[in-house]
Amino acid sequence: QKEVEQDPGPLSVPEGAIVSLNCTYSNSAFQYFMWYRQYSRKGPELLMYTYSSGNKEDGRFTAQVDKSSKYISLFIRDSQPSDSATYLCAMIIQGAQKLVFGQGTRLTINP
Amino acid sequence: DSGVTQTPKHLITATGQRVTLRCSPRSGDLSVYWYQQSLDQGLQFLIHYYNGEERAKGNILERFSAQQFPDLHSELNLSSLELGDSALYFCASSVATGGRNSPLHFGNGTRLTVT
Numbered sequence: 001q002k003e004v005e006q007d008p009g010p011l012s013v014p015e016g017a018i019v020s021l022n023c024t025y026s027n028s029a030f031q032y033f034m035w036y037r038q039y040s041r042k043g044p045e046l047l048m049y050t051y052s053s054g055n056k057e058d059g060r061f062t063a064q065v066d067k068s069s070k071y072i073s074l075f076i077r078d079s080q081p082s083d084s085a086t087y088l089c090a091m092i093i094q095g096a097q098k099l100v101f102g103q104g105t106r107l108t109i110n111p
Numbered sequence: 112d113s114g115v116t117q118t119p120k121h122l123i124t125a126t127g128q129r130v131t132l133r134c135s136p137r138s139g140d141l142s143v144y145w146y147q148q149s150l151d152q153g154l155q156f157l158i159h160y161y162n163g164e165e166r167a168k169g170n171i172l173e174r175f176s177a178q179q180f181p182d183l184h185s186e187l188n189l190s191s192l193e194l195g196d197s198a199l200y201f202c203a204s205s206v207a208t209g210g211r212n213s214p215l216h217f218g219n220g221t222r223l224t225v226t
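If you're matching them up, the sequences are chains A and B in order.
Heads up: the first sequence is residues 1 to 111, going by this note's numbering.
Heads up: the second sequence is residues 112 to 226, going by this note's numbering.
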């Protein structure tokens, strides 16, 4: 079993839709959670970073963490074609030396 | 722009050869991480350096090695290359050793093709 599970998709939605991306994890020691966006032929770009259960909002993006269920989500409101990319969840244990990534979900927003 | 610079952007080489990938971290970042990304494996952690010292190794092959220099740039050396080494190699940097207040910022990678 992988430490972090993420549905690879692909996910295709119309412009303006609300997108929900999810990851589950097995190690309860993970404390810090990140979402990265990766465009084709580019490096992962940090979108959201959170370390507590609950919601964190940044513009059209909301990151949600439920540590009791070992489940994290990223919501994108009013999705735009420019949001089309691969979204990767990542998490780390305090003091650990490596970020563990999910497989990534490929998202396409159709105009 | 993340501020992390990787060179070269593309490398095409033959099996059995050796290559060196270079990374310059963001200004002020002391940690450098190397990751390998392939279609079937996703992003796999290779190695982490902090202020010149190796701190952790992941799934890094013995044919691969890395170092971080006093000016904090890092190099990843890949030798005796095999077809399966073809992948995107990313460098990331952070202020400290990851975790609270120290997220990773990635460069745009080096695409290695072994023929």
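Take these hints with a grain of salt, some might be off.
Calculated cross-link-like contacts (lysine to aspartate or glutamate; reagent style DMTMM-like; alpha-carbon spacing at most 25 Å) [what the hints assert, rightly or not]:
hint : chain 1 : residue 1 : chain 2 : residue 2
1    : A       : K2        : B       : D151
2    : A       : K56       : B       : D151
3    : A       : K56       : A       : E3
4    : B       : K168      : B       : E193
5    : B       : K120      : A       : E45
6    : A       : K67       : B       : D112
Which residues of chain A face chain B? A few of them, derived with a C-beta cut under 7 Å, are [unchecked claim]:
hint : residue
7    : Y39
8    : L46
9    : L47
10   : L99
11   : F101
The calculated label-pair distances, taken between Cβ atoms and stated as ranges, are [said to hold, decoys possible]:
hint : chain 1 : residue 1 : chain 2 : residue 2 : range
12   : A       : K42       : B       : S191      : 35 to 43 Å
13   : A       : P111      : B       : N162      : 44 to 52 Å
14   : B       : G169      : A       : K42       : 20 to 28 Å
15   : A       : S20       : B       : S197      : 43 to 51 Å
16   : B       : R129      : A       : K42       : 46 to 54 Å
Worth flagging that the hints you see were computed from the coordinates, not collected in a lab.
Don't be surprised by glycine CBs; every beta carbon is placed ideally from N, CA and C.
**Asked** Which hint numbers does the structure go against, in order from smallest to largest?
**Response** 2, 6, 7, 9, 12, 15, 16
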